[in-house]
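Engineer: Here are the chains, one letter per residue:
There are 2 protein chains.
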Amino acid sequence: MKYKAIDQDDILVLQEIVGADFLIPKQELEEDYAHDELQTVHAWPDCLVQVKNKDQISQIMKYAYRMNIPVTVRGSGTGLVGGCVPIEGGILLDTSKMNRFVELDPINMTLRVEPGVLLMEIYEYVEKEGFFYAPDPGEKSATIGGNIATNAGGMRAMKYGVTRDWVRGLEVVLPNGELVSFGGKVVKNSSGYALKDLLIGSEGTLGIIVEATLKLIPLPKYSASMLIPFPNRIQAVSAVPKIITHHVLPTAVEFLEKESLRFSEEYLGKKIPHAQYDAYLLITYDGNTQSEIDYDIQRISELCVNTLGAIDVYLIDTDERKQSVWSARGAFLEAIKASTTQIDECDVVLPRSMISEYLDFTQQLSQSLQVRIPYFGHVGDGNLHIYFCKDDLEDQKWNELLTKGFEQMYQKAFELGGKVSGEHGIGYAKKSYLKEQVGPTQIQLMKGIKDTFDPTYILNPGKVIQ
Amino acid sequence: MKYKAIDQDDILVLQEIVGADFLIPKQELEEDYAHDELQTVHAWPDCLVQVKNKDQISQIMKYAYRMNIPVTVRGSGTGLVGGCVPIEGGILLDTSKMNRFVELDPINMTLRVEPGVLLMEIYEYVEKEGFFYAPDPGEKSATIGGNIATNAGGMRAMKYGVTRDWVRGLEVVLPNGELVSFGGKVVKNSSGYALKDLLIGSEGTLGIIVEATLKLIPLPKYSASMLIPFPNRIQAVSAVPKIITHHVLPTAVEFLEKESLRFSEEYLGKKIPHAQYDAYLLITYDGNTQSEIDYDIQRISELCVNTLGAIDVYLIDTDERKQSVWSARGAFLEAIKASTTQIDECDVVLPRSMISEYLDFTQQLSQSLQVRIPYFGHVGDGNLHIYFCKDDLEDQKWNELLTKGFEQMYQKAFELGGKVSGEHGIGYAKKSYLKEQVGPTQIQLMKGIKDTFDPTYILNPGKVIQ
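So the protein lines, in turn, are chains A and B. If you count by the working numbering, then the first sequence holds residues 8 to 473, one letter each, in order. If you count by the working numbering, then the second sequence holds residues 8 to 473, one letter each, in order.
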């Protein structure tokens, strides 16, 4: 695609729309805006435009559409696949200042928000009113717009589903600047093709999310977590399906290993209780009576210790313990980053029955390539986060091993019925693996959809299927 | 669109694919195949083809694609908007003999089925293994293929979501005969555009579902229902949001009126207990401990009687009572049909806060038009089923009143934030209302999607957006 390069006339028009203070030209921009959290993809926009409302976005898109200027949307920039990196330059449209709570509707149990509201702000806002927004991606400073764009998953997906399941309606600005509304406050909808569901997970390539109507439920009144050490990874991972099908659905089942905990201890600079074992499951139950939770905890404790080979069961019941264990879990990505010079990530999702075999494969690959590959994961839902660490490898060697290693990782995942991405998306970094996974027919269907929504390819160019 | 009319050569080719016994030409076909359950749309296919596997479907589509012959898919024919009626003639592709259970995977908690498996067969199959498939559309003899094609909802949607939320993967034959696979056994997926979710609810216009991988969860061990009479409709309906937000999410909240119960009593030929009151809520809770359910029942009973004006609370606890009440609820549609000469249906879904206002409007409309308009509904999720009854009206008058009445019903629904269809789809009968609701831009986007999947418009022509 060939786009118009931004010149001074364009800058003046954009300044007119957003105000001079909210347009920052490339030469004055911080380097942060040229990459996302993982920093594997780098590119500078011609300018950053900080928008305050949907009307500004509509005006900008009308102009960009007419002038053929590429536009890439950015929220908090916490993505891991380069999805918000403006690889064709043009306008980087920053929605982080669109962070109003528009309406909490207690009767329809919906929350209307602008796209720049942060995930952690949503929890705080609704929980004090007795409501619950269940999706629980690890990065709480992500914007809800970014969560919707990637169909973010998180730790509670096995019980509560992913972001898509919690979005009832979307307002979207199309590439030509037109504002459209999909869905609404309704619980059911079978009125034509599922445009809302198609927009969710389309990573800013089909339209710009300018408002979302989220589903809420009454806040579960009680929850409890257990940290369960096992002698080794195989026993821990093999226990998961048995735990899940034995009784009721846990809220979350996370898998931790000694190595990840050690990174977290170093990174956080403090000890984590019971961190001496090789492998752990961290299991949470929630419910509306204490007796129900007690019953869940008791049944699963007995099962783990009596039948599944667990060493012990530690109840994470005091505030101090909760803080300690969950902050360790929350710090994994940062801790792994801090442990090395550079990382790249593989966010595969597999049928949960295949996790153990896949982690075996990963360990063998680590040995054969001589690359350190720590991982952690949502084993309950089959989604693993696996990190290749550069350590002291030279650039050329690192790139070679990374290419070779990733090809093998994804190939193995596809063989086992897995997908490229469970929750981080395709963005720029994983495009070739998506093509390999779904094949030319599905890529053609996706391109047809892109052509329909964005015929001149000005929205987030070069991403997902391009 | 101009299609090739089927001739004897085509018949021979199709017979070759499926066997002579499984092709029934128009002249030998029962009249049932010229309409669906509601019978508001009539059209004959040139032939009915009963397929037994995906390979036959692929061969048929390759031929139909080459020859430009329209193909309409039919399951049990229980639809209510003419979605499976072959309005351009051609091939009526009957998938009801593709009714194999392919695999129950207890570890990944998934069920793979062919599209012709009936909803009631799925419940029976999975519940005896301790699993639960939650979507609960009223028509249990519908096929799962039809449920997926319309994104069917049902009574448990407020707690468990709709069919889309329970489909992890789809195998689909595209109009050109190619077999593709979307999703799989994975719990999360953020790998390119959501083609699976787009296929769901596309009413057989984008591809033919040849296999589905459904999500299961452990079967809740206990459930209990209450029949709660109120002095009038307004009090009953107004109680719903308070019940829902007061405590935990009920599994289902159904609204019944004396009139519907009376139809059911007549239709079933037996008395329903406690049927003397004007308005009722039928509320269900489920869970995994008896104490939890007891607690739910007690809290909601107290709330209803002490605060919300309920007359009493009848626990539907014995098998006899369950059978009696649920068979009455299940018979509503049949009973309303039996009470008149002809009906047409409005399946609107509204924000649940708008139900009371909308039912007021419906009653006023019934009086002003002098048409009997009984209704019932899933008030918990805002989805109403409203029936215009012809009774002894003359055809011309009936058509006039129906057109006028439906226009007003949908117009009012849109004003209140409602949608054309909660769960029955658009099919042929509701196309004009969809256009009115979503406007030309969204219709154009949907047409672009149709062009991408089915460029020659041979699949279920004349439906949804055409």
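Check each hint, because a few of them may be wrong.
Same chains, same names: a pair is fine if it fits in one copy or spans any two.
[Said to hold, decoys possible] List of simulated lysine-lysine pairs, BS3-like, C-alpha gap at most 30 Å:
#1 59 <-> 69
#2 277 <-> 147
#3 442 <-> 61
#4 442 <-> 329
#5 33 <-> 404
#6 397 <-> 59
#7 411 <-> 104
#8 9 <-> 411
#9 419 <-> 228
Simulated from the structure, these hints should not be mistaken for lab results. These numbers come from a predicted model, not from an experiment.
Engineer: Taking the hints in turn, state whether each one holds.
Structural biologist: Structure-based check of all given hints:
Taking CA atoms no more than 30 Å apart as the test, residue 59 paired with residue 69 passes inside one copy only; the shortest distance there is 16 Å, against 52 Å between copies. For a Cα distance limit of 30 Å, the shortest separation of residue 277 from residue 147 inside one copy, 22 Å, qualifies, whereas the shortest one across copies, 57 Å, does not. Taking identical chains as interchangeable, the C-alpha atoms of residue 442 and residue 61 lie at most 30 Å apart only when they sit on different chains, with a minimum of 25 Å there against 34 Å within one chain. Within a single copy, residue 442 and residue 329 get their C-alpha atoms no closer than 42 Å, and across copies no closer than 52 Å, so neither meets the 30 Å cut-off.
In this assembly of identical chains, residue 33 and residue 404 lie within 30 Å of each other by CA distance neither inside one copy nor across copies; the values are 33 Å within and 69 Å between. Proximity of residue 397 to residue 59 under the C-alpha cut-off of 30 Å is found in neither arrangement, the shortest distances being 40 Å within a copy and 54 Å between copies. Taking the closest pair of Cα atoms, residue 411 and residue 104 never come within 30 Å of each other, the shortest separation being 41 Å inside a single copy and 47 Å across copies. Proximity of residue 9 and residue 411 under a CA criterion of 30 Å is satisfied in neither setting, with 32 Å inside one chain copy and 52 Å between copies.
When the C-alpha separation of residue 419 and residue 228 is checked against a cutoff of 30 Å, the pair qualifies neither within a copy, at 41 Å, nor between copies, at 38 Å.
When each numbered hint is compared with the structure, violations occur for hints 4, 5, 6, 7, 8 and 9.
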